[in-house]
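Hey, can you work out the whole structure from these sequences and the hints?
Protein chains in written order, with the working numbering: chain W, 73 to 398; chain C, 361 to 802; chain R, 3 to 496; chain S, 207 to 477; chain U, 207 to 477.
Be careful, since some hints might not be right.
[To be verified] With a cut-off of at most 25 Å between alpha-carbon atoms, the simulated DSS-like pairs for lysine-lysine come out as follows:
| # | chain 1 | residue 1 | chain 2 | residue 2 |
| --- | --- | --- | --- | --- |
| 1 | C | Lys-537 | W | Lys-313 |
| 2 | W | Lys-108 | R | Lys-107 |
| 3 | W | Lys-313 | C | Lys-453 |
| 4 | W | Lys-294 | C | Lys-537 |
Think of the hints as simulated: they come from the structure by calculation, not from any bench.
Just so it is clear, the structure is predicted and the values come from calculations on it, not from any experiment.
The residues making up each chain are set out below.
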Amino acid sequence: GAAAARDQIQIAGSSTVLPYAKIVAESFGETLPDFKTPVVESGGSSGGLKEFCKGVGPDTIDIANSSRPIKDSEIEACKAAGVTEIQEVKIGYDGIVFATDAGNADLALEPKDLYQALAAEVVVDGKLVANPYRKWSDVNPALPDAEIAAYIPGEKHGTREVFEEKILAHGCKDSGAQDAIKALVADEKEQASKCIAVRKDGLAVDIDGDYTETLARIDANKSGIGVFGLSFYENNADKLKVATVSGVAPSTETIASGEYPVSRPLFFYVKKAHLGVIPGLKDYVEFFTSDDMIGPDGPLAEYGLVAAPDAEREEIRKSFEAGNIM
Amino acid sequence: MSQVTTSPATAAFKASVRPERRDIGLRRRYASERRFRLYGLAAIAFGLLFLFLLLSSVVSKGYTAFLQTKITIPVEFSEQVIDKDGERATDPKVLMTANYPVVARNALAKVLGVDPGDRAAMREVGGMISDSVRVQLRDLVVADPSVIGRTVDVAILAHGNVDSAYKGQIDLGVDEKNRKVSDRQVGWMNQLAETGALAGHFNTGLFTNGASSRPEAAGLGVALVGSLYMMLIVLVLSLPIGVAASIYLEEFAPKNRFTDLIEVNINNLAAVPSIVYGLLGLAVFVNFAGFPRSAALVGGLVLTLMTLPTIIIATRAALKAVPPSIRAAALGLGASNMQTVFHHVLPLAMPGILTGTIIGLAHALGETAPLLLIGMVAFVADVPATPLDPATALPVQIYMWANEAERAFVERTSGAIIVLLIFLILMNVGAILLRRRFERRW
Amino acid sequence: MSISLLLLLVAAIGVTGYVGGNRRAQALAGGRLSSLHSRPGYYGSLVAIWALLPAIAVLLVWIVASPVYIGSTIRSGFPEAVQAEPQATQNLNYNMVGAIARGLKLLTPEERATISADAAAARALLSSKGVPLAADPAPYMVEAAQNLDRMTTTSRMIVTVLVLAAALAGAVVAYRSVAPRLRARNRVEGVMLAGLVGASSIAILTTIGIVASMLTEAVHFFSMVPAWEFFFGTVWDPRFAAAGATDSSGQFGLIPLLAGTLYIGFVAMLVAVPVGLFAAIYMAEYASSHFRSVAKPLIEVLAGIPTIVYGFFALASVGPFLRDISAQLNGLATGSYASFIQAQSVLTAGFVMGIMLIPYVSSLSDDIITAVPRALRDGSLGLGATRSETIKRVVLPAALPGIVGALLMTASRAIGETMIVVLAAGVAARMQLNPFEPMTTVTVKIVNQLTGDLEFTSPQTLVAFALGITLFFITLCLNIYALYIVRKYREQYE
Amino acid sequence: MNILSEAAVEKALDKKMNDVSYKMIGQDVSVYYGDKRALYDVNLNVRENTVTALIGPSGCGKSTFLRTLNRMNDTIDGCRVTGRIALDGDDIYDPSIDVVELRARVGMVFQKPNPFPKSIYENVAYGPRIHGLARTRAEMDAIVEKSLQRAGLWNEVKDRLQESGTGLSGGQQQRLCIARAVAVSPEVILMDEPCSALDPIATARVEELIHELRANFTIVIVTHSMQQAARVSQRTAMFHLGQLVEENDTDKIFTNPDDQRTQDYIMGRFG
Amino acid sequence: MNILSEAAVEKALDKKMNDVSYKMIGQDVSVYYGDKRALYDVNLNVRENTVTALIGPSGCGKSTFLRTLNRMNDTIDGCRVTGRIALDGDDIYDPSIDVVELRARVGMVFQKPNPFPKSIYENVAYGPRIHGLARTRAEMDAIVEKSLQRAGLWNEVKDRLQESGTGLSGGQQQRLCIARAVAVSPEVILMDEPCSALDPIATARVEELIHELRANFTIVIVTHSMQQAARVSQRTAMFHLGQLVEENDTDKIFTNPDDQRTQDYIMGRFG
Ligand SMILES: Nc1ncnc2c1ncn2[C@@H]1O[C@H](COP(=O)(O)OP(=O)(O)OP(=O)(O)O)[C@@H](O)[C@H]1O
Ligand SMILES: Nc1ncnc2c1ncn2[C@@H]1O[C@H](COP(=O)(O)OP(=O)(O)OP(=O)(O)O)[C@@H](O)[C@H]1O
Ligand SMILES: [Mg+2]
Ligand SMILES: [Mg+2]
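Written as structure tokens, this is what we have:
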């Protein structure tokens with residue numbers, strides 16, 4: 073009931089943001105012993121935002137972590153439930169890397185290669201046909217002579233979206249498939265979705281679990297290629313070998329500078345109405361956005377978060393202070 | 361049938377010459393008997409083999425989690441670092457917020473003979489020590505502020521990477537920049553190990569600490585307490601409710617469409633995927649009844665609902681198996697239905713009920729999915745004092761650790777599984793002892 | 003007075019009532035207990051019930067009603083400006099008032115006075131007592147908190163009196179009603195029966211709760227995706243809504259998921275049923291009690307291992323093993339060392355799930371088989387049947403309805419299992435017949451769609467509810483059918 | 207379970223029901239198992255302090271009738287009783303009648319011995335305990351001893367009262383069940399072939415016990431042994447195919463029955 | 207289960223074992239249930255094509271002895287047999303002896319009727335089916351009909367052969383069990399109080415059946431009824447407290463027993 077007063081911050085949402093939120097929450101509890109350590113739930117951006125948009129009050133959560141920007145329809149739903157003032161905080165970027173077993177040779181990937189290996193339909197001899205390639209070397213002789221096996225994020229993951237947008241869409245264009253598709257279907261939306269359709273014959277495997285599962289799959293199938301978050305790769309660099317994309321090796325630097333093409337921003341959303349009422353909430357957000365945490369030398373960056381550029385971080389802090397709402 | 365007259369002389373081979381021995385297919389039937397028996401043994405062997413494979417794979421991966429590398433060094437609680445301006449008398453906050461990691465880092469640097477001015481080296485020295493040293497030293501100082509200015513031997517948690525390296529879980533043959541410990545750190549580690557400063561200790565933190573993002577400091581404390589609360593709630597609620605419901609349905613309910621409906625309904629509830637119970641718990645206990653999120657109470661209630669059908673089905677089967685003549689005997693003596701059930705039928709059904717309860721509880725103990733939706737798959741650092749505080753559960757902790765990126769969490773995941781299995785085995789043993797008591801066949 | 007103390011007092015009244023009722027009944031009987039309708043204990047219990055039930059009812063009403071009443075009273079005392087704000091904001095303010103009120107209890111009277119006079123001092127003072135506040139409270143909040151504190155105290159006092167009065171009154175009324183011909187046992191048993199009925203109704207309530215908690219969202223889903231497309235669609239491909247794209251319709255075909263569910267469940271039962279049944283038979287009919295007392299609990303451990311552990315076992319050990327074995331076999335047969343079993347496949351998932359299900363089959367069947375009366379076995383053995391013939395032809399048929407029940411329960415678990423399938427069979431929703439290829443199940447998709455990063459208002463997420471409710475009704479139909487089958491057997495044999 | 211009261215018989219009944227010499231009255235009793243009718247309008251009264259024997263070929267409904275007398279058939283699904291049965295003038299199928307109390311007053315011994323899987327002592331003590339017949343341990347001991355003695359079992363089991371009742375031989379088990387029923391001191395005791403598993407000596411003792419009990423109790427006994435019926439009973443009722451063929455003084459039945467079927471049955475001409 | 211062969215008795219045994227007039231020979235048979243001894247060195251031979259009745263007070267070990275004759279006691283945990291029992295001269299406790307074949311040759315009818323929860327037809331057909339005694343459906347039908355007729359049950363059940371055997375009344379059930387045992391055409395039939403649940407007519411029919419069967423089979427019957435023993439048996443063995451008191455021609459036992467205890471028992475003086 074409403075009578076029980078709450079004195080602990082409650083956070084829910086994306087499992088990609090979770091490790092960062094955990095580090096912050098833990099440090100927050102240690103450096104500000106006045107407040108209890110916040111509770112950070114995992115359950116996906118969708119679940120987090122759903123709880124977030126349940127309403128305002130001590131029996132609803134304060135913060136939703138998200139690995140994608142909140143959607144308009146979700147803002148609508150929030151508003152309908154009385155959550156009218158939402159503050160958005162961007163915490164940095166998540167690099168997305170392609171890696172294979174550490175025992176393999178170095179790998180240099182192009183969006184085009186990935187597209188041809190993984191798309192549902194490719195252009196062969198100027199015609200659009202169901203993907204006939206079985207081996208990486210069929211796609212590009214420079215690639216290993218091994219059966220295609222790619223462990224890509226399942227459709228429930230935000231990472232998949234980035235993968236489609238930054239790799240498949242580009243590869244589609246580069247390989248000339250886009251033109252072939254344009255010639256076939258008139259509807260633009262359908263063109264776009266055909267361009268990012270992944271083959272379903274079992275060579276491209278959706279992973280709906282976390283990166284540990286991808287790692288286990290690569291362990292079981294050494295010639296497979298998996299998609300990982302940069303932080304995960306860095307923690308398992310001894311077992312994995314990362315591939316360059318368009319010749320750029322992923323690192324915090326190359327991603328921050330935008331050289332490495334595949335990354336996405338991470339966010340959390342705060343209920344403004346809770347700021348003055350839930351003990352420690354404001355302090356938590358300030359603590360999170362401080363350079364001690366999300367700065368390039370902070371523990372988050374050490375874990376693998378790609379810090380936003382200095383100016384952007386300053387902007388983020390200012391925007392929060394100013395109480396800007398969405 | 362055997363009209364053959366046999367003299368003593370032919371007695372020796374009489375059995376073989378008896379003419380009318382019917383052929384009742386003995387060879388075939390015995391072969392089938394042996395086969396049947398063998399199938400049974402093979403089935404049990406099959407189950408036990410996989411149990412063994414599973415357990416050995418878990419144990420071989422996880423036993424190291426029970427050891428934790430610590431570095432025992434003399435730490436100087438320098439007033440310079442902790443309370444430069446001597447404000448602690450007036451402002452107790454100073455002691456809380458002092459820079460303890462530096463204290464620890466300096467102490468280690470001194471032991472290793474590293475120049476405190478060498479910033480790069482000092483960073484690596486700092487990387488040898490767990491970040492949780494802040495809390496460790498702070499608690500020491502706050503408990504006894506008189507240590508300030510003195511030098512005390514403290515066993516400091518080694519960093520997770522050092523821990524993994526020390527346990528040989530990091531392949532040191534890999535290129536230095538592809539692993540989490542540098543060659544220099546490995547050198548220091550060996551140096552400290554030789555002097556005995558760095559050594560594996562029994563990992564009590566694994567059982568007492570709450571969740572942490574640092575593997576070396578992460579423990580099952582919250583999960584253990586949470587699971588304990590939940591199991592108590594499940595046991596206290598589901599056993600009596602389940603047994604009561606079964607008694608009603610089996611012994612009292614009129615046999616009609618409505619009770620058929622209940623029966624089908626209960627069987628169906630056993631089939632409902634567990635995550636659906638999470639949806640139910642979220643809607644009913646959190647949103648409607650207003651219980652707090654992430655609380656063991658809600659988890660216990662959800663698991664109770666999930667376990668009930670299992671217990672009810674098993675209990676009904678056990679009640680059904682009690683011979684009707686026992687009921688008739690009691691009723692004939694003038695015992696009421698209620699007395700008959702509670703005095704005779706229930707005790708006889710007890711072994712079956714307990715079996716069902718063990719299975720149900722074990723199921724509940726290992727369940728993660730429903731807890732996801734009520735906020736128990738979460739990072740919770742503080743050990744819950746009551747079932748209303750945020751908590752996690754053992755399988756949740758396993759699930760979360762399994763998804764951690766750091767190598768040091770791999771052994772902890774298996775270690776946590778071992779703990780969970782021990783939890784489970786203890787429960788089983790308890791129930792078996794109980795069952796023995798009841799199973800006493802008269 | 004704290005609630006636990008109050009409960010303790012009520013319990014004490016109950017116990018006293020029990021003793022009193024018991025004594026009075028004995029006194030009335032005057033040494034001839036058989037002149038009483040029931041045993042004296044029943045009279046005692048009756049008095050205790052009358053003492054406890056009304057008191058607990060009063061207490062429950064209070065626990066539910068008093069926060070609501072006090073809350074609305076306090077809120078009506080909020081300044082106009084605050085009352086004009088939306089309900090949710092008021093809730094938050096009220097939360098703060100609650101926190102202050104909680105803190106007030108820890109303060110000395112002087113400190114209270116300070117706070118009343120100077121609201122701004124409250125935050126620091128309370129924080130020093132370990133009650134953190136998010137901001138400086140407005141003056142009206144401190145006032146409201148004082149009121150709240152007072153009202154709670156009063157309401158506690160009132161409820162204490164009411165509860166105790168109810169307990170005493172109940173006890174006294176019941177005590178005085180004690181008479182030799184009072185059917186105390188029937189009444190007590192009536193209360194017990196009501197309790198039993200209540201316990202059974204929880205199953206119904208759970209079902210209602212499940213349906214209700216999924217229905218609105220499922221209806222929402224069906225308003226976006228036509229039902230026939232969902233139920234009869236043969237393609238499962240809820241396309242990820244590309245960034246910026248507003249239209250995000252996909253193909254929500256249930257059939258591939260259902261096929262995967264049934265296929266994997268079937269394979270699992272194929273493993274679990276023979277192994278479990280044979281294990282049960284061996285343990286019930288052949289094994290020495292010593293062997294049994296060791297093997298049975300060991301097998302039961304299999305049921306307790308969390309499914310996620312099985313999942314990793316399948317992923318890391320069984321899957322690769324099957325794949326390599328198939329490569330070897332293929333090599334021997336055709337010379338080409340290509341594996342025909344994929345590491346993640348229906349077979350892997352079904353096999354590992356089957357292992358998990360063994361104890362469900364074996365333990366339950368074991369108990370059922372043991373319960374078959376000895377006379378039946380004797381009858382068969384006495385005719386010259388071997389043990390296995392006795393088992394196959396007499397014991398198992400007699401135990402069949404029970405075993406079918408156990409198998410159904412097991413099948414239910416197979417259908418509801420998630421983690422093993424996620425890890426061992428993958429998440430690819432495909433429709434095919436080859437057990438060596440991956441497929442996926444309904445439950446996997448329920449979890450995935452619920453815990454993903456998708457938009458929570460989109461059909462991609464809402465489909466989880468439609469899947470849940472569909473699965474619920476499918477298993478319901480299966481269960482109805484199973485009940486019918488079991489009944490048929492029973493009629494034949496009894 | 208029973209459909210009662212056609213107004214027509216009401217009056218006739220009232221008269222009979224109050225006839226004190228009848229301990230129990232059965233009026234137009236019919237019993238159905240589902241659709242199958244097992245008893246056809248049986249009119250049979252049981253006299254107080256008398257042993258009534260029910261005889262008849264197997265399957266004729268003796269057990270069925272016996273079970274209606276203490277409503278044990280309530281426990282059989284689909285069993286339905288019509289007609290009227292009264293104990294001391296009170297309709298025992300009346301809703302106001304407490305079936306538990308009824309069964310404490312009308313005890314029962316079954317055809318197949320069914321001891322509880324408890325100790326011998328507990329088997330006997332159970333009834334007195336639930337009915338509160340003993341207040342002290344010593345009283346209980348006395349009841350148990352007396353009941354076992356009456357059932358002729360005391361000497362055999364007195365040294366192993368704490369052993370299980372199911373470990374006894376069949377005959378011993380049945381005598382234990384008799385002891386158990388006697389321990390409650392019911393007013394009427396129904397016995398369904400109580401001696402079918404007993405040897406002659408034990409049978410003789412039970413028959414003696416029946417003689418003894420007759421002074422204070424009313425006994426209805428189903429038996430296959432016409433000798434037994436002749437020895438123990440004062441009244442005998444002969445059933446055939448669910449019908450009551452005749453009921454009369456035992457002497458009369460065995461020497462000069464009214465009905466040809468009884469005659470034939472006794473002579474062993476049918477069954 | 208049994209501890210065999212002391213060399214000393216070996217020789218004496220060999221002689222007796224081969225005495226053809228004995229179908230079964232029991233030599234120094236003792237039985238223990240755990241620590242409890244139920245039989246004391248019983249020496250009892252069963253003659254071929256003869257009905258041997260075992261009588262004695264309840265609990266004296268009649269059933270126990272009977273069960274040793276087809277090793278049904280193998281199924282009781284903790285039951286141990288010493289001494290020697292032979293069928294047609296072969297020690298039935300010899301490891302080379304097959305217990306299944308033994309039980310097919312030595313059939314058994316139990317004290318409590320125990321029909322299988324199957325149809326009446328299936329109950330009777332069960333034995334012939336497992337032993338493969340009928341090759342066609344018609345043969346099986348014939349066996350079932352004949353067996354039911356012999357047990358005097360055919361007329362009662364011929365119209366409901368497909369109904370469940372457990373739905374019969376107690377007496378019918380027991381006759382069904384007799385039919386079931388007869389259907390296997392054993393050489394010896396052991397009957398443990400087969401008539402204790404039967405009415406006189408059914409009993410008479412069973413006794414008739416026993417007479418009939420005697421021509422081809424050897425029958426051992428436990429009974430409480432001395433009349434029955436006198437009617438059906440040629441030889442009678444009297445047990446008391448686990449000991450064989452005496453064994454002799456039935457006429458002799460009932461007119462002029464050697465042992466005082468037998469005399470007393472028959473006169474009803476102890477039990
Ligand atoms: N529970 C039951 N369900 C259906 N029919 C039953 C049931 N009990 C008895 N019957 C039938 O009712 C009839 C009368 O049975 P009852 O047991 O009363 O006979 P009985 O005279 O006691 O026979 P017996 O001497 O063999 O015990 C029989 O035909 C029997 O098959
Ligand atoms: N399974 C058993 N375990 C222990 N003791 C037993 C068992 N079966 C029988 N006994 C004991 O062995 C003795 C002989 O029993 P048995 O059943 O052979 O007697 P019986 O002569 O057949 O008696 P009844 O005529 O009552 O059937 C009895 O004292 C009995 O208590
Ligand atoms: Mg009967
Ligand atoms: Mg016997």
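Proposed proximity, C/Lys-453 with W/Lys-313 (alpha carbon, max 25 Å): The given pair, whose Cα atoms are some 47 Å apart, is violated under the 25 Å limit.
Given hint C/Lys-537 paired with W/Lys-294 - CA-CA distance at most 25 Å: Since the Cα atoms of W/Lys-294 and C/Lys-537 sit roughly 22 Å apart, the hinted pair holds (cutoff 25 Å).
Given pair status - W/Lys-313, C/Lys-537, alpha carbons within 25 Å: holds, 12 Å
25 Å limit on alpha-carbon distance, applied to hinted pair W/Lys-108 and R/Lys-107: Given that 25 Å is the threshold and the Cα spacing comes to 21 Å, the pair holds.
The structure shown violates just one earlier hint, number 3.
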